[in-house]
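Given the coordinates of chain A, work out where chains B, C and D should sit on it, guided by the hints.
There are 4 protein chains.
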Amino acid sequence: MSATKQEIATFMAAEFPQSKCIVEAVGDGRATVSHKVGSDELRPGGTVSGPVLMGVADVALYVAILGEIGIVPLAVTTSLTVNFLRKPSADARILGECKLIKVGRLLAVGEVSLYSEGSSDPVAHVVGTYAIPPQREGLIKEGKKLDV
Amino acid sequence: MSATKQEIATFMAAEFPQSKCIVEAVGDGRATVSHKVGSDELRPGGTVSGPVLMGVADVALYVAILGEIGIVPLAVTTSLTVNFLRKPSADARILGECKLIKVGRLLAVGEVSLYSEGSSDPVAHVVGTYAIPPQREGLIKEGKKLDV
Amino acid sequence: MSATKQEIATFMAAEFPQSKCIVEAVGDGRATVSHKVGSDELRPGGTVSGPVLMGVADVALYVAILGEIGIVPLAVTTSLTVNFLRKPSADARILGECKLIKVGRLLAVGEVSLYSEGSSDPVAHVVGTYAIPPQREGLIKEGKKLDV
Amino acid sequence: MSATKQEIATFMAAEFPQSKCIVEAVGDGRATVSHKVGSDELRPGGTVSGPVLMGVADVALYVAILGEIGIVPLAVTTSLTVNFLRKPSADARILGECKLIKVGRLLAVGEVSLYSEGSSDPVAHVVGTYAIPPQREGLIKEGKKLDV
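Protein chains in written order, with the working numbering: chain A, 831 to 978; chain B, 831 to 978; chain C, 831 to 978; chain D, 831 to 978.
One or more hints might be untrue.
Just so you know, same-sequence chains aren't split out, so a pair can sit in one copy or run between any two.
No more than 16 Å apart at the CA atoms, straight line, and that leaves these computed lysine to aspartate or glutamate pairs for EDC-like [what the hints assert, rightly or not]:
no. : residue 1 : residue 2
1   : Lys-850   : Asp-870
2   : Lys-932   : Asp-951
3   : Lys-866   : Asp-921
Everything labelled a hint here was simulated from the structure, so no lab data went into it.
Chain A with its partners taken away, still in its complex shape (with noise of 0.2 Å):
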């Protein structure tokens, strides 16, 4: 049931033309993924912003489920949490490294550390749930969108 990084990376960039991110890594429940930090990334004082953080771990986070349970567009974020550790550098990529905790049935469990690409001090952590369509599990047959 699982995808591969190229897999991945030809399905985000067709289902999330807009988003920056570049899937690195992806295997073993984990993943990493790239952002790039321009002129639109960055607030006054030379920092990224919160938004482009939390969306790095979000697509993080997804990569790392998908490369567990297989290519599923369905897959909704449910819950973020993001705890702000550092400013992050204004002239370095954005790494976030993400390890799931658990991918159960219905629910995915992941934790993401964010990086300014060149440091090993994180400048955010984020906990983060997807909820799983069920027709995975083949208890819904067509392929709906997931009210959970």
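Quick look at chains B, C and D alone, frame taken from chain A:
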């Protein structure tokens, strides 16, 4: 120590010129902000992206805090917990309604309900925390960057 | 599908005989529960322990959900986010007031404000999520343990 | 400024005599604590109650912080986010393994994985924040109660 809607709107426009959030109301430990929805905010499928929702919540919380403690440029978000509840409308502004739960010496905590304008069912709920620079209390003399 | 205060109190007494929580009110997507404070609940310094507060919030959320969807023994807490706000009184009961934010097919989300009885300033704020067994929707026939 | 396992165990026994947590290991920004499981910790159905899990996580985080900054009696939990993942065993101790993510001047953030002893799949995951009294930095002279 509090700030008016106009003072906050002027401050936000100067400090966060890229933000599309409009301050609609502030006072009594509450704030309402709005964010228009256009192609930049939409994901395929016609839904407002999660990072946009989180950004609106962050601004609503910040505005509510400024309304209580006055213009404090160095207050920083330390955590946000977002629960995504319903698919936002592609055709309506996002409204963020914040109610502060606590404004302490060092931390302020508030909750934000996010709506597609015209609907009474929230699309997301956020609880967030800001760290308030201690110089407000006279503990630190210079206005150096807060490293919480 | 909803349940009355008396039905819920009877169910809670049978299923959770160790719980000291009393159901004070339930209905309209809300619930209030109380918990007495004695030596078991206190920490040195005369403050109510954090786990007691979290337990009261969990029960308040569960009671509010039962009030909406009826007696569902297999609903399980999937997440709780607690912000501790003020030191609780050693001499007052803890009140937990829950307001549901969403009751979906698979997940219910609510927030709980916790008070020392007699005070209007919350001692803690909780947002929590329950997973609701899908057999409520007829998707699963047997009442087997939910593994979300 | 750090404290040893023995110093922390002595401090915990004096300050929190009711706690059943045992300090197993501490150092390098990490801590492991254990908690026996008996009738007080069990819910009907033979599962460890959620508040017990949250209490173990809170202690693990506190011990890890003390291991870094030394014995600081006035540090207080400001937030905990718990994801419940699997049903704990009724017959095994609960282990809480904390890894600190950040130890700042005012806030410390860590994550805790909780296990039933003998299993490598966590039963719950917690991210928590402590506020550290500023007198550690010499900003406040007396050891008065921190009101964050």
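Taking the hints in turn, this is what the structure says about them:
1. In this homomeric assembly, Lys-850 and Asp-870 come within 16 Å of each other (Cα to Cα) both inside a single copy, at 11 Å, and across copies, at 13 Å.
2. Taking CA atoms no more than 16 Å apart as the test, Lys-932 paired with Asp-951 passes between copies only; the shortest distance there is 8 Å, against 25 Å inside one copy.
3. Proximity of Lys-866 to Asp-921 under the C-alpha cut-off of 16 Å is restricted to the intra-copy arrangement: shortest distance 9 Å within a copy versus 30 Å between copies.
When held up to the earlier numbered hints, the structure conflicts with none and fits them all.
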